[in-house]
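2 protein chains.
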Amino acid sequence: MYAIIDAAVTCHVGYMIEGQPFVTPTACWREVDHIYWHGSAASRMLRAQSGGIPVCVTVTHIDGFVLARSAFHHSMNYRSVMALGNAEIVTDDGAKLAALQRFVERLVPGRWTTLRPTTSQELKATTVLRLSLTEASAKVRIGPPKDDAEDYDLPIWAGVVPVRVDVGRPEPDPALRVKAQAPDASQIRVG
Amino acid sequence: MYAIIDAAVTCHVGYMIEGQPFVTPTACWREVDHIYWHGSAASRMLRAQSGGIPVCVTVTHIDGFVLARSAFHHSMNYRSVMALGNAEIVTDDGAKLAALQRFVERLVPGRWTTLRPTTSQELKATTVLRLSLTEASAKVRIGPPKDDAEDYDLPIWAGVVPVRVDVGRPEPDPALRVKAQAPDASQIRVG
Numbered sequence: 001m002y003a004i005i006d007a008a009v010t011c012h013v014g015y016m017i018e019g020q021p022f023v024t025p026t027a028c029w030r031e032v033d034h035i036y037w038h039g040s041a042a043s044r045m046l047r048a049q050s051g052g053i054p055v056c057v058t059v060t061h062i063d064g065f066v067l068a069r070s071a072f073h074h075s076m077n078y079r080s081v082m083a084l085g086n087a088e089i090v091t092d093d094g095a096k097l098a099a100l101q102r103f104v105e106r107l108v109p110g111r112w113t114t115l116r117p118t119t120s121q122e123l124k125a126t127t128v129l130r131l132s133l134t135e136a137s138a139k140v141r142i143g144p145p146k147d148d149a150e151d152y153d154l155p156i157w158a159g160v161v162p163v164r165v166d167v168g169r170p171e172p173d174p175a176l177r178v179k180a181q182a183p184d185a186s187q188i189r190v191g
Numbered sequence: 001m002y003a004i005i006d007a008a009v010t011c012h013v014g015y016m017i018e019g020q021p022f023v024t025p026t027a028c029w030r031e032v033d034h035i036y037w038h039g040s041a042a043s044r045m046l047r048a049q050s051g052g053i054p055v056c057v058t059v060t061h062i063d064g065f066v067l068a069r070s071a072f073h074h075s076m077n078y079r080s081v082m083a084l085g086n087a088e089i090v091t092d093d094g095a096k097l098a099a100l101q102r103f104v105e106r107l108v109p110g111r112w113t114t115l116r117p118t119t120s121q122e123l124k125a126t127t128v129l130r131l132s133l134t135e136a137s138a139k140v141r142i143g144p145p146k147d148d149a150e151d152y153d154l155p156i157w158a159g160v161v162p163v164r165v166d167v168g169r170p171e172p173d174p175a176l177r178v179k180a181q182a183p184d185a186s187q188i189r190v191g
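Protein chains in written order, with the numbering used here: chain A, 1 to 191; chain B, 1 to 191.
Take these hints with a grain of salt, some might be off.
Just so you know, same-sequence chains aren't split out, so a pair can sit in one copy or run between any two.
Unchecked claim - DSS-like cross-link-like pairs, simulated, lysine-lysine; straight-line CA separation at most 27 angstroms:
hint: 1; residue 1: K124; residue 2: K96
hint: 2; residue 1: K146; residue 2: K179
hint: 3; residue 1: K146; residue 2: K96
hint: 4; residue 1: K124; residue 2: K146
hint: 5; residue 1: K139; residue 2: K124
Keep in mind the hints are simulated off the structure, nothing from the lab.
Since we're looking at a predicted model, the values are computed, not measured.
Make a model of the complete structure from these sequences and hints.
The following block contains the structure:
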């Protein structure tokens with residue numbers, strides 16, 4: 001379960017506002033037995049997610065299209081984790097800053113110390129949420145299609161079309177005025 | 001909004017069961033002004049999604065990591081659509097079969113007619129849901145980071161690390177006994 005979360009950079013958070021479910025994509029990271037995400041302290045969405053009502057955080061990787069001999073047995077290969085519970089706000093400033101540091105470092109190893117330091121105003125304007133992975137489950141499908149026994153002799157191609165997420169060559173900000181080393185894209189883990 | 005949905009193969013569906021939100025990843029496709037998904041007729045999840053209570057369907061593409069000069073201005077480039085409302089079950093068998101055909105054809109153009117035909121039992125065991133895109137909104141971020149004016153002279157690399165989804169070479173089912181043409185991966189649109 002941890003490996004599935006650690007391979008992900010984003011999750012989908014489900015929460016309720018006045019009887020309507022919402023599903024918001026957001027960046028995420030794991031620390032020990034919690035999944036973390038963050039956003040603007042002014043966000044209605046984050047306030048709803050931290051209001052003491054249950055949320056659901058889902059992490060998904062699509063790994064392939066499974067093409068079977070019948071439409072019915074078509075499927076997808078995937079890895080996913082679903083975590084349920086009440087999210088909590090990380091209130092301690094030190095813990096919050098440390099969590100944000102780990103997020104940046106997870107995204108681009110070594111980047112945090114190169115950055116202009118975070119101000120107390122920026123920290124105040126940011127809400128960090130976390131959800132325990134106590135009530136969580138993983139679902140995984142791998143491998144070729146499973147067809148009906150009598151269908152294997154049909155003249156139909158079957159197999160898997162793999163899907164993968166790739167990171168490309170870093171594109172410098174056109175406003176970059178200084179000489180600085182671009183991050184090493186090979187160090188960035190996605191999928 | 002349609003272009004964002006049409007580039008996607010999966011969505012995340014948010015729904016409630018006894019006060020707990022759930023977010024389930026599933027395959028999706030669009031027809032005119034509805035987004036469609038499907039699953040087992042026996043699924044508790046699909047029953048909950050079609051029970052006349054509001055759902056949320058979110059489609060997300062992550063396009064890049066936006067690396068700014070401060071942690072605070074880091075961001076992601078993305079395209080997403082969120083649709084709200086009550087899902088409806090496609091009850092008419094002809095409409096259901098046509099919808100499944102369009103799904104397979106969207107995934108792998110030309111594949112449907114090569115398949116062993118769908119049986120009435122299979123059709124009965126499948127639930128097709130759809131949600132109107134009337135109450136839907138798109139959110140998109142593109143382009144380089146937006147830093148604080150005074151940070152542009154700092155000796156920090158800034159820019160975008162692009163992220164993309166790719167389809168690989170089709171992997172034949174090891175149980176493939178027949179000669180059959182593999183699908184043309186270049187025809188498969190993802191991301």
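Status of each hint after checking the structure:
no. : hint           : result
1   : K124 with K96  : within (10 angstroms within a copy, 51 angstroms between copies)
2   : K146 with K179 : between (54 angstroms within a copy, 18 angstroms between copies)
3   : K146 with K96  : between (47 angstroms within a copy, 23 angstroms between copies)
4   : K124 with K146 : between (52 angstroms within a copy, 19 angstroms between copies)
5   : K139 with K124 : between (37 angstroms within a copy, 25 angstroms between copies)
Violation of the numbered hints given earlier is absent; every hint is satisfied by the structure.
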